[in-house]
Amino acid sequence: MSYLKKSPWILHYDASSCNGCDIEVLACLTPLYDVERFGIINTGNPKHADIFVITGGINEQSSVVVKNIYDQIPSPKVVVAVGICAATGGVFRECYNIKGGVNTTIPVDVYVPGCAARPESIIDGIVAALSILEEKRKAMKKGETPL
Amino acid sequence: MGREIVIPFGPQHPVLPEPIHLDLVLEDEMVKEAIPSIGYIHRGLEKLVEKRDFKNYVYIAERICGICSFIHSVSYCQGIENIMEITIPDRAAYLRVIWSEYSRLHSHLLWLGLFADAMGFENLFMTAWRLREHMLNDMEETTGGRVIQGSCKVGGVRCDISNDKLASMSAGLTAIEPELSEMAGVFLEDETIDMRTRGVGVLSKDSAWDLGAVGPVARGSGIALDARMTGYGAYEHLDFSPVVISGGDCYARCRVRVEELFTSLDLIGQAITMMPDGDIEVPVRGNPSGEFFSRTEQPRGEVVHYIRGNGTKNLLRHRVRTPTTANIPGLVQMLAGCELANVPVIVLSIDPCIGCAER
Ligand code: SF4
Numbered sequence: 122m123s124y125l126k127k128s129p130w131i132l133h134y135d136a137s138s139c140n141g142c143d144i145e146v147l148a149c150l151t152p153l154y155d156v157e158r159f160g161i162i163n164t165g166n167p168k169h170a171d172i173f174v175i176t177g178g179i180n181e182q183s184s185v186v187v188k189n190i191y192d193q194i195p196s197p198k199v200v201v202a203v204g205i206c207a208a209t210g211g212v213f214r215e216c217y218n219i220k221g222g223v224n225t226t227i228p229v230d231v232y233v234p235g236c237a238a239r240p241e242s243i244i245d246g247i248v249a250a251l252s253i254l255e256e257k258r259k260a261m262k263k264g265e266t267p268l
Numbered sequence: 158m159g160r161e162i163v164i165p166f167g168p169q170h171p172v173l174p175e176p177i178h179l180d181l182v183l184e185d186e187m188v189k190e191a192i193p194s195i196g197y198i199h200r201g202l203e204k205l206v207e208k209r210d211f212k213n214y215v216y217i218a219e220r221i222c223g224i225c226s227f228i229h230s231v232s233y234c235q236g237i238e239n240i241m242e243i244t245i246p247d248r249a250a251y252l253r254v255i256w257s258e259y260s261r262l263h264s265h266l267l268w269l270g271l272f273a274d275a276m277g278f279e280n281l282f283m284t285a286w287r288l289r290e291h292m293l294n295d296m297e298e299t300t301g302g303r304v305i306q307g308s309c310k311v312g313g314v315r316c317d318i319s320n321d322k323l324a325s326m327s328a329g330l331t332a333i334e335p336e337l338s339e340m341a342g343v344f345l346e347d348e349t350i351d352m353r354t355r356g357v358g359v360l361s362k363d364s365a366w367d368l369g370a371v372g373p374v375a376r377g378s379g380i381a382l383d384a385r386m387t388g389y390g391a392y393e394h395l396d397f398s399p400v401v402i403s404g405g406d407c408y409a410r411c412r413v414r415v416e417e418l419f420t421s422l423d424l425i426g427q428a429i430t431m432m433p434d435g436d437i438e439v440p441v442r443g444n445p446s447g448e449f450f451s452r453t454e455q456p457r458g459e460v461v462h463y464i465r466g467n468g469t470k471n472l473l474r475h476r477v478r479t480p481t482t483a484n485i486p487g488l489v490q491m492l493a494g495c496e497l498a499n500v501p502v503i504v505l506s507i508d509p510c511i512g513c514a515e516r
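First to last, the protein sequences are chains A and B. Start counting the first sequence at 122; every next residue gets the next number (my numbering). Start counting the second sequence at 158; every next residue gets the next number (my numbering).
These aren't lab readings, by the way, just hints derived from the structure by calculation. Hints are supplied without guarantee of correctness; some may be wrong.
[Said to hold, decoys possible] Derived list of chain A stretches under chain B, where covered just means 3 residues or more per stretch with a C-beta under 8 angstroms from a C-beta of chain B:
no.: 1; stretch: 141 to 150
no.: 2; stretch: 182 to 192
no.: 3; stretch: 213 to 222
no.: 4; stretch: 233 to 239
Glycine included, every Cβ here is placed at the ideal spot set by N, Cα and C.
Based on the provided sequences and hints, a complete structural model is requested.
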């Protein structure tokens, strides 16, 4: 983790999840799992965030909100899709109101498997996201525009 | 008279773990009216009954909500069992009670943490969630899942808990009880919490009744309404009385949930002592034909599953009335006339579960 120069903050949004993954994301912040040891804080403000953690598939109404939040997060940013719902629509993929996974609306960098995703795998996903974030930061310094 | 302004609250907001949108009509600092709009997490899972076999649909029913997951699967299975006239073995009924009460414990602890966080008590939030991990560990050791258990099936339960494990669970809960009491003391006696919650967001007994409030919202307004009193499953053999507090404010609702932690501990203790030996499931043959309203008590209040089958493996209709849906009219009334700064505390005080409400 020596490459980590900044404390990345996460923003969590529930696109249409059943809450199972949401509460596991929150559990990551609490004493047993404690992602704050990586300098990660959960913020409610998109302008403060670097990592966008998103749970649940995209539905008709949430796609606008997700897009909106994503656009408000300043670059470089990474998106972590937590749970199989966020990956493909999961158990709800055949529901009439589900468009599919998060990648139907915004680009995704890391997928965390599981239904519900376990806190350990969520932490793994976020740590993977940290290195992607660092790469994007370097790319930006060189004047490239990362996604 | 001040100028009227409308402030949008949500769908993405720091205190909201889930998206709901409220348009708050303000006059200066006073909320005149709150207009909710929903639909941000509607999936349309009820219609999946047409695509899934009624036995497999238990997994979907469980995923209506990840917090009240187990009790949703119990409600659904109970409905099917009633239509098909299946009597589940006693051991299965007691195991369902144990997991249901564990769900309630973890849900109430989760809520207490979020409630503390909404008031700025970061440490109390962490304490509640630390204690909650104990419940999740027991759930995981007995079912394999932390928040989604998948242990309930039509005709009984999918896995057994050995008597040794039951004894160690009971010992574990006894050991953690003093910690829970210590935390409960902070919620019930701390002066700051008192100031933030007492007299805030009052819902009178009559309004609670008229607006159809359920669960801790109804019980916090002095109405003894708890579906567990109907004695479904093994509850009829257990000694249970609902926690009823009058007051109708955020403090009363918080108190109901705090005291219910101990009711749940007691119910688990009783179920473990009375646990009969025997099978945990009966074979299920045929398809359901008929209809049934299944009522159970979720951590957030009474949930109703309506199930209608026509003798094929796919149900005709599955309809869920969730406690949050029933409590939103009450919430709208609590918000009218409150101060803007109290909105987060009042919204959280009904323990909104939008995942359930929108499905
Ligand atoms: S992946 Fe599973 S637990 Fe997570 S939101 Fe979807 S249904 Fe719920």
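Looking at the structure, which of the earlier hints fail to hold? none
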